[in-house]
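Chemist: Taken in order, these protein sequences are the chains called Y and G. Numbering of the first sequence is given in my numbering, commencing with residue 1 and proceeding in unit increments. Numbering of the second sequence is given in my numbering, commencing with residue 373 and proceeding in unit increments.
Hints listed in this document are in silico derivations from the structure and should not be mistaken for laboratory results. Take these hints with a grain of salt, some might be off.
As the list claims (entries may be wrong) - Only pairs whose alpha carbons sit at most 30 Å apart, straight line, appear in this in silico DSS-like list of lysine-lysine:
id : chain 1 : residue 1 : chain 2 : residue 2
1  : Y       : K100      : Y       : K173
2  : G       : K967      : Y       : K100
3  : G       : K456      : Y       : K155
4  : Y       : K173      : Y       : K184
5  : G       : K1009     : Y       : K100
6  : G       : K596      : Y       : K173
7  : Y       : K100      : Y       : K184
8  : Y       : K319      : Y       : K290
9  : G       : K400      : G       : K667
10 : G       : K667      : Y       : K173
11 : Y       : K255      : G       : K667
12 : G       : K646      : G       : K456
13 : G       : K667      : Y       : K184
To be verified - Quick list of simulated restraints, FRET-style, between CB atoms:
id : chain 1 : residue 1 : chain 2 : residue 2 : range
14 : G       : I588      : Y       : M320      : 42 to 52 Å
15 : Y       : P370      : G       : I659      : 53 to 63 Å
16 : G       : G673      : Y       : A51       : 50 to 60 Å
17 : G       : V1056     : Y       : E346      : 53 to 63 Å
18 : G       : Y436      : Y       : G171      : 41 to 51 Å
19 : Y       : T302      : G       : P464      : 52 to 62 Å
20 : Y       : E268      : G       : P464      : 55 to 65 Å
21 : Y       : G238      : G       : I508      : 45 to 55 Å
22 : G       : W672      : Y       : P370      : 51 to 61 Å
To be verified - Output of the computed footprint for chain G on chain Y, the stretches with three or more beta carbons under 8 Å from beta carbons of chain G:
id : region
23 : 110-117
24 : 171-177
25 : 259-265
26 : 269-279
Ideal placement from N, C-alpha and C gives every residue a C-beta, glycine not left out.
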Amino acid sequence: MIKRLAVLVAVLAMIAAACSGSSEDTTTTAPADSTTAAPDTGGGQTGGTLAEVIARGSLRCGVSTNAIGFAEPQDDGSFNGFDADYCRAVAAAVFGDATKVEFVGTTAAERFTALANREVDVLFRNTTWTQSRDTEIGGDFGPTTFYDGQQVMGKASFGFDDASTLEDVDGAKLCTNAGTTTEKNITEGAAVAGATIELVTVEEFPQAMEQFRSGACDLVTTDGSGLFGERFAAVGSGEIEDGDWVIFPAAPISKEPLGPMYRQNDSEWADVINWVVYATFIADEQDVSKANVADAVASPPTPELGRLLGVGDDELQTKMGLSADAFANVISQVGNYNDIYVSNLEQLGFVRAGTPNDQWFRGGLIYSPPAR
Amino acid sequence: MTDQPQGIVHGVVEDLELPPEPPPHGPKIWIQENLLGGDTPTARVLNGLLSVIFGLIALNILQYVTSYIFEPSRRWSAVTFNMKLMMVQAFPQADLFRIWVSVGIFFVLVSFSLVVWGGGGGRLSMFSLAKGIRNIGVLFMIVAIMHGAPETWNLVSLPLFTIDSPTAWSLARVVFFLLGLALFAAGFLYLRASGDAAKEQSVPVLSLLVAGMVIITTAIWLIKLPVPEGQFGETTASIARTTTGPWTILFAVAIGSYFLARVLVRVFDPALIKRILLFLWVFSYPIIIMVIQRKPVLLWGDILGGGPTVWWESGLGLFVLFSLIGGAVIWWLALSTDVTVGRVIAIAMGAVLAIGTWLVVNASNDWEDIIRDGVPESAALPLWVAIVAALAGIALIAAGLLIPDGIEIARVIGLIMGVVALLVWFVPMLFVVRFLLITFALTAIAAPSFGGSTQARVRVVAVWIALVFLVVVTFVLGEAETALEFQSTTFLGGFNFSILLAITGLVLSFPLGVVLALARTSTMPIFRLLATGYIELIRSVPMITWLFFGAVMLPVFLPDGITFDEIVRVIGIVAIFNAAYVAENVRGGLQSIGKGQYEAASAMGLSTVQSTALIVLPQAIRAVLPALVGSIIVSFKDTSLVAIIGLADVLFIAKSFVPGQTSPHNFLGTQPQMLFFIALFYWVFTFSFSRMALRYEKSIGLGEH
């Protein structure tokens, strides 16, 4: 009974964490191994997610229900986008078939409980890696797949340009959605920059965009990925000319590293997720893409790639519980990091070069431990 | 609008000696009655002013709505392109015929029911029909004139009633206007020509329904709707054959089965057809969901026994075991006069309970360990459950030995079975066995009240066997894997899921609500207290809170090893919530039934249960039918609340899925249109349902004094 109460408290903590984004007051940690909602199959308690997934024959992947470029619902019930492609990549590694994914659209409020209740195996749901989420709510984070950050968008007709900073917005009216960390970040950021802003908060971000369109606010702010998507759609539909809306440079208003999240204390499953992501990084680093992976498998350019693609005898995938060609399947069926990035995000106007999402030797942060 | 005919112009009737029928009519009278009103000239002027102001406001609203709809940049193609997504979400294209077959079954059943019960659905007077056509024509013309988006329109500058034409008179607009004119002219001229005779003549509602189907069928083949072109473009195209074809066939099937039913009613006994139809209505729904739409993979080894499954755990084994042993007990309970049989049954059941519990506990525990460390968490049976079960078993044996009256023994058996039904939740066992035991307990409690004659006994046992069959089949089908291939967790989604929630919630909540209402009006304090507590607890917490509870917190509360799918949890919550409201409605009906009904029933020799079930309840439910219909409509609309907990019902898809698509077609920013469409969609359903309910209430004479 006490165990069950502890879980109940933990679930409440998760809801609070999911809603507020920062719940410093919660002290109870969620022991993942006491989750009572254990399914009949698989290991049941802690760990065993890999065995559970293999027994089920498909991956249950938690994604956002609408995140432009990251998870967009399609009319066959599947999802397209950057996050959705990483779900496919995991399925390709585990099953050798990128289509064996059951996408579970989760809302921001219920994503963590869905993970804890074992309704999803992994979250690829533009979830920011924060200390409180890592420690308090019973999840662990994998390598960051996309470095996002809060940005500000203004209209060129008001004298803003691509180089504007928070110092330039003194006295401006700024729209954002209420109750998120976005609101807190911008207030703190403006105070640091010494600018006075008038904050207009609305319930949801689309409403903030409506206010921005109608001229009720001069500026609008959210994560950069959201702003780029909105601007892309407005340009595409002919609503504005290219360059009418300008997005300020990625000033350090906030850091939003987005990546996979899985239940804590399940190293076997964590290794699978992490190394699927790293495999896409390494392939990108060594110019092995969806287009030329067949050649690379036939004659690996480097010993590291030989191991990663499962060609050499010293491959390490079978030790992880996967097949030797698991990562070769990932690259050939889904692609390397660059393939995934370009096909989903670059068409929306997210340029990769020069951002933290570039390769490490070009000044970015996309870096992987070596495969050996 | 008044109910008096307005088309006939012959001025004010001067001769007051004539009988007052028909009342005077004409444009002047109409204006006086509808726009001016009042008795004094001042009142007439003021009322006339108010009529003009509110008329202009109404026109303005209409203009705003039409200009919103017809604004060229509105991208209604988001609706047309995602229609399948909104209706059935992830259902695979190749298996889409399963959905059409489901709709077809529904259409056929409706057609048959209209013949068997509706007696043709009643008639509509030509007068109201012509009036309706005329008014629709006027509406069409106003919309055609006003459509377009006047740039200057906004509430502040109030340019009331600006009929301007920002877009040219396109062909479609002209056709629309002429259509309205034609409708108006037809209705107006008919009313004028036939005069009061229009009130005498009438057409069957069904023929109107058929005419409507024909018009819709023709329209979907001819009409062109906006479709997306490229990522941002939009063009118009005819509706795809894959949509028009099935609908045409469905309408043809509906009309065909109507005439087939008319023939069948003449050939066979209508009472028999009624009974078969009732059976089909009850069973068509689970079959549609579980078999037709789910496409289960049946494992015959599990169903018939053999292979790895022990035979008594297979579907067939469970069915045979429970219907034979349970059937024998129920057979006796339904006419519990033979004391000897009662003793045997009570002692046998008590022995099974007590000894069975002992064996299970003994096999899984070392008693010395328990005495030293307490009960381990891995125990097959919680200790308190074992103790209660053993005591219940001993009580049954004692009752069998001591009580000299068969009916009293039957009561004790019913009581103990109720306790057992509660206990099974805490004992790990096959889920289907849990449900069978609960079903048995309920049937055992009800059996003495509905038994009596041999015929009644047979009926009770037949009901029991049917229930066992239903439970076993539901579990066999529910546990089977689906053969559908799609990239989502469930085959249910979109409007299909909304319907499932509404119907299943209704079917489950109705019996529960009736039981709660009876309990709340019961003379026994414990039942009254429990029912009141339940109803007040459920009703005083918002539904969305209960939904969050079911979606997020229920998994934590359930005993170890018991898990439900999120959809099942939400259906349960919907049923539990609606039951409280049904209970309050039914209670209102129960209170309206006089005490004399009970007394008369008991004078006839009916027991309390019989008089309640057969005399009082039917009258009570009939009395509160309008309120029940109201709560059904509310619960249908309330299913859209599941969108908030992220389940993909039709609202969630429209609100969240569609406005998130950027490729292949970009629908960002279409959220207002999608919500507009969903509002219209729900309105069509709830409005037609409430109209149908109104007709039904009138046909059974409710609301007339």
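Chemist: Are the hints correct? Go through all of them and say.
Modeler: Status of each hint after checking the structure:
{"no.": "1", "hint": "Y:K100 <-> Y:K173", "result": "47 Å, violated"}
{"no.": "2", "hint": "G:K967 <-> Y:K100", "result": "64 Å, violated"}
{"no.": "3", "hint": "G:K456 <-> Y:K155", "result": "38 Å, violated"}
{"no.": "4", "hint": "Y:K173 <-> Y:K184", "result": "16 Å, holds"}
{"no.": "5", "hint": "G:K1009 <-> Y:K100", "result": "35 Å, violated"}
{"no.": "6", "hint": "G:K596 <-> Y:K173", "result": "44 Å, violated"}
{"no.": "7", "hint": "Y:K100 <-> Y:K184", "result": "40 Å, violated"}
{"no.": "8", "hint": "Y:K319 <-> Y:K290", "result": "25 Å, holds"}
{"no.": "9", "hint": "G:K400 <-> G:K667", "result": "65 Å, violated"}
{"no.": "10", "hint": "G:K667 <-> Y:K173", "result": "56 Å, violated"}
{"no.": "11", "hint": "Y:K255 <-> G:K667", "result": "47 Å, violated"}
{"no.": "12", "hint": "G:K646 <-> G:K456", "result": "35 Å, violated"}
{"no.": "13", "hint": "G:K667 <-> Y:K184", "result": "50 Å, violated"}
{"no.": "14", "hint": "G:I588 <-> Y:M320: 42 to 52 Å", "result": "58 Å, violated"}
{"no.": "15", "hint": "Y:P370 <-> G:I659: 53 to 63 Å", "result": "58 Å, holds"}
{"no.": "16", "hint": "G:G673 <-> Y:A51: 50 to 60 Å", "result": "24 Å, violated"}
{"no.": "17", "hint": "G:V1056 <-> Y:E346: 53 to 63 Å", "result": "43 Å, violated"}
{"no.": "18", "hint": "G:Y436 <-> Y:G171: 41 to 51 Å", "result": "35 Å, violated"}
{"no.": "19", "hint": "Y:T302 <-> G:P464: 52 to 62 Å", "result": "42 Å, violated"}
{"no.": "20", "hint": "Y:E268 <-> G:P464: 55 to 65 Å", "result": "33 Å, violated"}
{"no.": "21", "hint": "Y:G238 <-> G:I508: 45 to 55 Å", "result": "36 Å, violated"}
{"no.": "22", "hint": "G:W672 <-> Y:P370: 51 to 61 Å", "result": "53 Å, holds"}
{"no.": "23", "hint": "110-117", "result": "holds (count 3)"}
{"no.": "24", "hint": "171-177", "result": "violated (count 0)"}
{"no.": "25", "hint": "259-265", "result": "violated (count 0)"}
{"no.": "26", "hint": "269-279", "result": "violated (count 0)"}
The structure fails to meet hints 1, 2, 3, 5, 6, 7, 9, 10, 11, 12, 13, 14, 16, 17, 18, 19, 20, 21, 24, 25, 26 from the earlier list, while all remaining hints are met.
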